[in-house]
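Chains as they are written, first to last, in the working numbering: chain A, 1 to 349; chain B, 1 to 349; chain C, 1 to 349.
None of these hints come from the bench; they were simulated from the model. Quantities reported herein were computed from a predicted structural model and do not represent experimental measurements. C-beta atoms are modelled at their ideal positions from N, C-alpha and C, and glycine is treated no differently. There could be a bad hint or two in this list.
What the hints assert, rightly or not - Capping the alpha-carbon separation at 27 Å, the derived lysine-lysine pairs in DSS-like fashion look like this:
#	chain 1	residue 1	chain 2	residue 2
1	A	92	C	182
2	C	146	A	146
3	A	250	A	182
4	C	62	B	282
As the list claims (entries may be wrong) - Pair ranges (Cβ atoms, derived):
#	chain 1	residue 1	chain 2	residue 2	range
5	A	185	B	124	57 to 63 Å
6	B	302	C	95	18 to 24 Å
7	C	26	A	278	46 to 52 Å
Said to hold, decoys possible - Output of the computed footprint for chain A on chain B, the stretches with three or more beta carbons under 8 Å from beta carbons of chain A:
#	segment
8	55-64
9	79-88
10	92-105
Listed below are the residues making up each chain.
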Amino acid sequence: MSGLYLLNCWYLAAWAGELAPGAHLRRTLLDQPVLLMRSDAGKVAAIGDVCPHRFASLSEGKFESGIVECPYHGLRFDMDGRCVHNPHGDGKIPERARVRSYTVAERHGAIWFWPGDPDIANPSDIPNFSFLDGPSVGTGGYLLTKANYQLMCDNIMDLSHADFLHRTTLGTEGDIARASAKAQMEGDVVTIKWAFDGKGMVMNRLPDDPIDVHTEFEVTWHAPGAMILRSSSYPIGVEGEQGHIVGGHKRVSAHIMTPESEYRTHYFFNTTDAGRVERIGKVFELEDGAMLEEVQCNMRTEKFWDLAPLILSSDRGAVMARRALERRIRREQETIAPSNSIAAADHAE
Amino acid sequence: MSGLYLLNCWYLAAWAGELAPGAHLRRTLLDQPVLLMRSDAGKVAAIGDVCPHRFASLSEGKFESGIVECPYHGLRFDMDGRCVHNPHGDGKIPERARVRSYTVAERHGAIWFWPGDPDIANPSDIPNFSFLDGPSVGTGGYLLTKANYQLMCDNIMDLSHADFLHRTTLGTEGDIARASAKAQMEGDVVTIKWAFDGKGMVMNRLPDDPIDVHTEFEVTWHAPGAMILRSSSYPIGVEGEQGHIVGGHKRVSAHIMTPESEYRTHYFFNTTDAGRVERIGKVFELEDGAMLEEVQCNMRTEKFWDLAPLILSSDRGAVMARRALERRIRREQETIAPSNSIAAADHAE
Amino acid sequence: MSGLYLLNCWYLAAWAGELAPGAHLRRTLLDQPVLLMRSDAGKVAAIGDVCPHRFASLSEGKFESGIVECPYHGLRFDMDGRCVHNPHGDGKIPERARVRSYTVAERHGAIWFWPGDPDIANPSDIPNFSFLDGPSVGTGGYLLTKANYQLMCDNIMDLSHADFLHRTTLGTEGDIARASAKAQMEGDVVTIKWAFDGKGMVMNRLPDDPIDVHTEFEVTWHAPGAMILRSSSYPIGVEGEQGHIVGGHKRVSAHIMTPESEYRTHYFFNTTDAGRVERIGKVFELEDGAMLEEVQCNMRTEKFWDLAPLILSSDRGAVMARRALERRIRREQETIAPSNSIAAADHAE
Chain A
1 MSGLYLLNCW YLAAWAGELA PGAHLRRTLL DQPVLLMRSD AGKVAAIGDV CPHRFASLSE
61 GKFESGIVEC PYHGLRFDMD GRCVHNPHGD GKIPERARVR SYTVAERHGA IWFWPGDPDI
121 ANPSDIPNFS FLDGPSVGTG GYLLTKANYQ LMCDNIMDLS HADFLHRTTL GTEGDIARAS
181 AKAQMEGDVV TIKWAFDGKG MVMNRLPDDP IDVHTEFEVT WHAPGAMILR SSSYPIGVEG
241 EQGHIVGGHK RVSAHIMTPE SEYRTHYFFN TTDAGRVERI GKVFELEDGA MLEEVQCNMR
301 TEKFWDLAPL ILSSDRGAVM ARRALERRIR REQETIAPSN SIAAADHAE
Chain B
1 MSGLYLLNCW YLAAWAGELA PGAHLRRTLL DQPVLLMRSD AGKVAAIGDV CPHRFASLSE
61 GKFESGIVEC PYHGLRFDMD GRCVHNPHGD GKIPERARVR SYTVAERHGA IWFWPGDPDI
121 ANPSDIPNFS FLDGPSVGTG GYLLTKANYQ LMCDNIMDLS HADFLHRTTL GTEGDIARAS
181 AKAQMEGDVV TIKWAFDGKG MVMNRLPDDP IDVHTEFEVT WHAPGAMILR SSSYPIGVEG
241 EQGHIVGGHK RVSAHIMTPE SEYRTHYFFN TTDAGRVERI GKVFELEDGA MLEEVQCNMR
301 TEKFWDLAPL ILSSDRGAVM ARRALERRIR REQETIAPSN SIAAADHAE
Chain C
1 MSGLYLLNCW YLAAWAGELA PGAHLRRTLL DQPVLLMRSD AGKVAAIGDV CPHRFASLSE
61 GKFESGIVEC PYHGLRFDMD GRCVHNPHGD GKIPERARVR SYTVAERHGA IWFWPGDPDI
121 ANPSDIPNFS FLDGPSVGTG GYLLTKANYQ LMCDNIMDLS HADFLHRTTL GTEGDIARAS
181 AKAQMEGDVV TIKWAFDGKG MVMNRLPDDP IDVHTEFEVT WHAPGAMILR SSSYPIGVEG
241 EQGHIVGGHK RVSAHIMTPE SEYRTHYFFN TTDAGRVERI GKVFELEDGA MLEEVQCNMR
301 TEKFWDLAPL ILSSDRGAVM ARRALERRIR REQETIAPSN SIAAADHAE
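The task is simple: from the sequences and hints, build the whole structure.
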């Protein structure tokens with residue numbers, strides 16, 4: 001993993017709904033093939049998805065009663081990665097027959113994955129996405145995009161792009177861009193806010209709608225790429241909570257980026273308004289996804305800062321988040337020496 | 001660009017007809033994404049096709065009245081690469097908000113591109129392709145081939161290949177190969193000539209045609225890959241200019257190679273005989289193109305000379321052109337240190 | 001070839017039936033494009049498939065009366081790689097106009113290729129596949145698999161995988177895995193044997209077949225990847241040769257791996273029972289091939305031993321074969337310095 005990723009951190013691995021009881025699923029996270037499993041009783045676990053014997057993908061094997069069988073030579077592993085059956089010769093289980101186990105936690109409708117030191121993994125550090133626990137929340141959306149996950153975060157952290165990239169779908173005729181966004185950092189959490197009056201977002205407007213609205217956006221970023229976007233809009237003059245009821249709206253959405261590899265990102269999104277998830281996904285796929293893949297192509301394999309990007313006022317939040325993440329990765333790299341093995345057993349044992 | 005390409009030189013970027021008034025077009029030239037634009041009034045310009053802010057492709061944005069708008073965050077640039085509009089916050093235009101501008105010139109039905117030092121770019125150094133200015137000349141042909149541009153030049157500089165690769169389409173039953181070609185260099189311009197009697201080229205012949213013809217070919221090469229091919233053929237015994245009228249013909253064609261990257265070449269071709277362009281393109285695509293892509297595969301990423309090629313008498317012109325180009329690149333590299341940035345703004349400013 | 005391959009060794013290049021009299025065929029062997037040819041009289045030869053002039057593939061040219069013509073500029077070469085015709089200028093044949101000739105031999109229905117020092121090539125070192133000379137033997141099967149050839153050998157050297165990977169096609173409900181295999185090495189030849197009683201292989205069984213059988217497997221490996229698999233099965237209690245007749249069977253099959261490149265393998269297979277070749281090929285393609293390509297993906301470009309594989313008792317034969325091959329490659333590398341040229345002419349001459 002060579003210093004690219006923050007390891008002691010929670011990453012979203014899958015939406016809870018992607019993994020039914022008794023199901024298993026391969027997902028490559030931070031360059032590592034990971035096998036996600038859910039027992040019949042509902043418990044979730046994750047181990048490396050490469051058999052330590054002959055490097056087959058365990059995900060291609062049977063998973064029954066919490067035991068996965070390697071499809072190539074039949075070694076069986078439990079949900080902690082311990083070998084529980086060796087069908088060969090005298091059946092003795094070699095001490096090294098283990099698959100690396102990863103710390104996971106299920107919270108807010110999602111399965112979270114901790115690639116770093118298990119001893120310091122604390123589920124209470126998972127960012128608060130409790131708004132996804134509500135009854136009106138449906139299954140989250142998922143897209144795999146061929147662009148670096150930090151570019152994907154930058155995209156959400158600078159909503160001004162909606163006025164151009166989403167001109168006909170989500171934009172505001174330049175109001176977001178013109179509004180001077182306020183960004184601030186508390187600890188390692190970055191928040192950026194926009195507030196402006198105008199016609200509001202295209203999608204909320206009726207043709208020739210004469211009413212101007214007050215719109216606010218707030219994005220909160222948690223390392224490495226978990227973002228909460230709050231938006232509200234109400235007719236100007238109608239203030240306070242009541243305004244949100246009479247002719248206004250208030251929405252919260254989750255935008256969470258997990259690196260598959262340096263140039264590919266798992267994008268998980270969801271919102272309190274279940275009916276809108278599919279639409280967000282479509283816009284993202286056709287507009288943001290296409291844009292970010294093009295940007296990644298133009299950047300080739302160069303690092304972001306090495307290309308000396310021009311920084312605008314609208315980049316404040318994105319740059320703060322990048323700096324916060326870089327700081328944490330640097331700090332972490334100074335204290336740990338990550339292992340390299342794909343077989344994922346702890347060979348040092 | 002790391003010493004691969006000659007920079008202070010005119011390269012064909014596009015046929016004039018590829019860029020209508022008000023149109024813009026992305027083309028990767030010498031590893032650099034370039035945005036070609038033509039104003040409503042017909043003026044042509046070229047700038048880097050990567051926004052210095054977030055590396056979006058400007059070519060994906062709107063181009064109106066000589067202004068291109070970045071499709072991602074709405075920065076606007078004029079045809080010289082100057083930022084003329086920043087829609088963010090207070091709208092102040094940062095000093096570094098510039099895209100690299102490239103020197104271009106329109107001449108002989110083509111748009112020529114100068115990747116090097118603009119101060120020494122002189123359109124009168126564009127090779128004389130004035131035969132393409134005539135009224136009978138149609139739109140030029142274009143093919144993208146997955147082979148190095150010097151291999152593509154070698155192919156035209158050694159027409160003997162027609163007798164084998166184009167046996168059933170353009171060849172002469174071995175007459176070109178047998179004719180000892182005369183190659184010479186004047187300054188950096190290489191000329192190679194063939195003259196022979198025989199049945200002539202397959203495509204000019206009727207079945208069982210009893211008449212033998214005298215055929216001459218002359219290819220003139222200008223760095224880095226602009227070639228003029230003159231061919232004439234007339235019944236033996238009928239000499240001089242008159243011969244070209246009674247039963248003979250005289251043709252001139254352009255074959256111009258511009259590197260997209262080390263292993264991909266833009267091939268531009270045209271001829272004084274508009275009706276023949278499509279046919280030349282077909283033969284090139286099916287025969288030369290397929291051959292050169294196979295040759296490039298066989299060479300992998302090795303350099304031509306490192307593979308110790310066997311040089312035949314027919315290679316004289318091609319080798320002279322290679323040597324002339326290598327000399328110029330070497331000379332140029334000794335005096336300049338090329339920049340590396342894809343954002344293409346001049347960061348040293 | 002950089003030390004990857006054993007050079008002084010016979011590799012299977014093609015089944016004899018793949019090359020009819022007068023035919024020629026390109027096959028990349030050990031990273032080298034090779035042109036296999038069979039004269040009208042039936043003699044087989046192999047030369048490099050890259051013209052030393054302009055690196056065209058000779059296999060794309062005409063092959064007539066034992067002479068191949070380069071499709072690009074018409075040089076002609078005989079089956080020993082000597083240039084016999086230069087159609088250019090005065091027609092003199094340059095001394096360096098030669099293509100590397102490879103030593104080949106035809107034996108046991110196959111064409112064998114010796115990439116190393118021709119002076120020590122001895123066809124009597126070709127492993128004894130004489131069981132393929134019988135009249136009931138048909139054309140062998142061939143598959144190209146995107147996995148390293150040693151992984152492909154390991155697969156055959158550990159038949160226990162049949163109980164899992166081929167559970168519904170070839171397996172034995174765990175009997176092969178449970179049977180302690182005996183492996184031994186004699187010289188550089190490795191043999192591994194299994195013997196067990198049980199229901200036998202799925203494919204030989206009728207539903208609810210009450211009869212238990214005694215089954216034996218023996219795989220013999222010759223460097224670098226030529227394996228003979230002998231299997232027999234007969235009802236328990238009926239012993240000796242007679243048993244093989246009454247209700248039993250005895251089969252021999254060939255499984256021969258030749259590297260195309262480090263991550264791609266030519267797999268040649270055949271058996272004494274012509275009717276079964278197609279079926280073996282189908283099972284291999286759908287089950288072993290898919291598995292080994294997945295394993296190679298999981299290993300990325302890492303070396304096998306660098307991944308610290310867990311070794312089981314069933315790996316004994318495979319590990320012995322790997323060690324024997326590594327020893328021979330190491331020994332060979334200490335005494336020779338391989339050439340690097342793709343043009344394949346002996347430039348040192």
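How the hints compare with the structure:
Proposed proximity of residue 92 of chain A and residue 182 of chain C is supported: the alpha carbons are some 17 Å apart, at most 27 Å. For the hint linking residue 146 of chain C to residue 146 of chain A, the alpha-carbon distance of about 24 Å falls within 27 Å, and the restraint holds. For the hint linking residue 250 of chain A to residue 182 of chain A, the alpha-carbon distance of about 20 Å falls within 27 Å, and the restraint holds. Distance hint between residue 62 of chain C and residue 282 of chain B is fulfilled; the C-alpha atoms sit about 22 Å from each other, no more than 27 Å.
At about 58 Å, the CB distance of residue 185 of chain A to residue 124 of chain B agrees with the hint of 57 to 63 Å. Evaluation of the 18 to 24 Å hint for residue 302 of chain B and residue 95 of chain C yields a pass: the beta carbon distance comes to about 23 Å. Judged by the Cβ atoms, the range 46 to 52 Å given for residue 26 of chain C and residue 278 of chain A holds: they are separated by roughly 50 Å. A stretch counts as covered by a chain when three or more of its residues have a beta carbon under 8 Å from one of that chain; for the segment 55-64 of chain B and chain A the count is 4, and the coverage holds.
With a cut-off of 8 Å between beta carbons, the segment 79-88 of chain B has 3 residues touching chain A; three or more are needed, and the interface restraint holds. For the segment 92-105 of chain B, the assignment as covered by chain A holds, since 3 residues bring a beta-carbon within under 8 Å of that chain's beta-carbons and 3 suffice.
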